Amino acid sequence: MMNDILYLKIDRNTQVDHTDVRLGDVAKLECTNVSVKNRLKTLKLVKVQAEKSDRYICSVLKVIELIHEIYPNLEIQNLGEPDFIIEYESPAYANDRWSVVKVVFVCLIIFFGSAFSIMAFNNDIGVNQVFHQVYALVMGSESDGFTVLEVSYALGIAVGIIVFYNHFGGKRITKDPTPIEVQMRLYEDDVNTTLIEGCNREETNIDVD
Numbered sequence: 209m210m211n212d213i214l215y216l217k218i219d220r221n222t223q224v225d226h227t228d229v230r231l232g233d234v235a236k237l238e239c240t241n242v243s244v245k246n247r248l249k250t251l252k253l254v255k256v257q258a259e260k261s262d263r264y265i266c267s268v269l270k271v272i273e274l275i276h277e278i279y280p281n282l283e284i285q286n287l288g289e290p291d292f293i294i295e296y297e298s299p300a301y302a303n304d305r306w307s308v309v310k311v312v313f314v315c316l317i318i319f320f321g322s323a324f325s326i327m328a329f330n331n332d333i334g335v336n337q338v339f340h341q342v343y344a345l346v347m348g349s350e351s352d353g354f355t356v357l358e359v360s361y362a363l364g365i366a367v368g369i370i371v372f373y374n375h376f377g378g379k380r381i382t383k384d385p386t387p388i389e390v391q392m393r394l395y396e397d398d399v400n401t402t403l404i405e406g407c408n409r410e411e412t413n414i415d416v417d
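Everything in the sequence shown is counted per the numbering used here, starting at 209 for the first residue and increasing by one.
It is worth saying that the hints were derived from the structure and are not from the lab. If you're wondering where the values come from, they're calculated on a predicted model, not measured in any experiment. Check each hint, because a few of them may be wrong.
DSS-like, lysine-lysine: derived pairs with alpha carbons at most 30 Å apart [stated by the list, open to error]:
# : residue 1 : residue 2
1 : 236       : 252
2 : 270       : 310
3 : 217       : 236
4 : 245       : 270
5 : 383       : 260
Computed beta-carbon distance windows for the label pairs [claimed, not checked]:
#  : residue 1 : residue 2 : range
6  : 388       : 222       : 47 to 55 Å
7  : 364       : 384       : 16 to 24 Å
8  : 274       : 370       : 26 to 34 Å
9  : 402       : 352       : 34 to 42 Å
10 : 366       : 215       : 48 to 56 Å
11 : 245       : 384       : 15 to 23 Å
12 : 222       : 323       : 33 to 41 Å
13 : 326       : 246       : 38 to 46 Å
14 : 283       : 410       : 29 to 37 Å
Just so you know, even glycine gets a beta-carbon here, dropped at the ideal spot from N, CA and C.
Modelling step: build the complete structure from the supplied sequences, incorporating the hints.
Right, dumping it as structure tokens:
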């Protein structure tokens, strides 16, 4: 045991769906002593009291303290976050029909909001008038409002949206993350940082004494 080293890696945010949160649920462990690793995977970290959802901010020092209560001489190398978040959401609450309704409602708002924004933009810059003038200059006759210019413009918007969001239906076009995925990741990191720093300031996190 004196020569054993435990490598510990915990992600910044982990979601669980059961009330008894154990170390193996939130951390990746590696140790040459398999019995030590298997024992620590079952180490209880948090007992969730909420029925639907809850959030806990934990310090890796508290994890190390709990480990040393079982293996006092075990050397621990932390390769993950110094503070991490455990988010609990019950399976029944996660699969609630109301959640599906809210997702559909948000999708409809985004769809009609985007359509209105495109129409308002076209109206502000006078796209129809520009197309009429270009058609008259090139073809020498008045446009009837439905020409190759309008068709190509409409197709161009659709293709541009597909390329920008990197999705067509449920399939990804390339392996690169989309701009919205990058922004969502940055937003998630900012939220996690704010939650952790707020709990540390208020001393409401799970930490050593």
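Whether the CB-CB distance between residue 245 and residue 384 falls inside 15 to 23 Å:
violated (36 Å)
Is the straight-line distance between the alpha-carbon of residue 217 and that of residue 236 30 Å or less?
It holds: about 5 Å lies between the C-alpha atoms, which stays within 30 Å.
Given a hint of 33 to 41 Å, does the C-beta separation of residue 222 and residue 323 actually sit inside it?
Given a distance of about 38 Å, which is inside 33 to 41 Å, the answer is holds.
Could one say that the CB atoms of residue 366 and residue 215 fall in the range 48 to 56 Å?
At 49 Å between Cβs, range holds.
Are residue 236 and residue 252 close enough, with their CA atoms no more than 30 Å apart?
Roughly 15 Å separates the two Cα atoms, so the pair holds.
Is 47 to 55 Å a correct range for the gap between the Cβ atoms of residue 388 and residue 222?
Violated, since residue 388 and residue 222 (Cβ atoms, about 23 Å apart) do not stay within the stated range.
Is residue 383 within 30 Å of residue 260, Cα to Cα?
violated (35 Å)
Do the alpha carbons of residue 270 and residue 310 lie within 30 Å of each other, as the hint requires?
violated (37 Å)
Using the beta carbons of residue 364 and residue 384, state whether their distance is inside 16 to 24 Å or not.
Because 21 Å falls inside the window, the suggested range holds.
Using the C-beta atoms of residue 283 and residue 410, is the stated range 29 to 37 Å upheld?
holds (32 Å)
Please test the hint of 38 to 46 Å on the beta carbon pair from residue 326 and residue 246.
violated (57 Å)
Can the restraint linking residue 245 and residue 270 be considered satisfied, given a maximum Cα separation of 30 Å?
Since the Cα atoms of residue 245 and residue 270 sit roughly 18 Å apart, the hinted pair holds (cutoff 30 Å).
Checked against the numbered hints above, the structure violates hints 2, 5, 6, 8, 9, 11 and 13; every other hint is satisfied.
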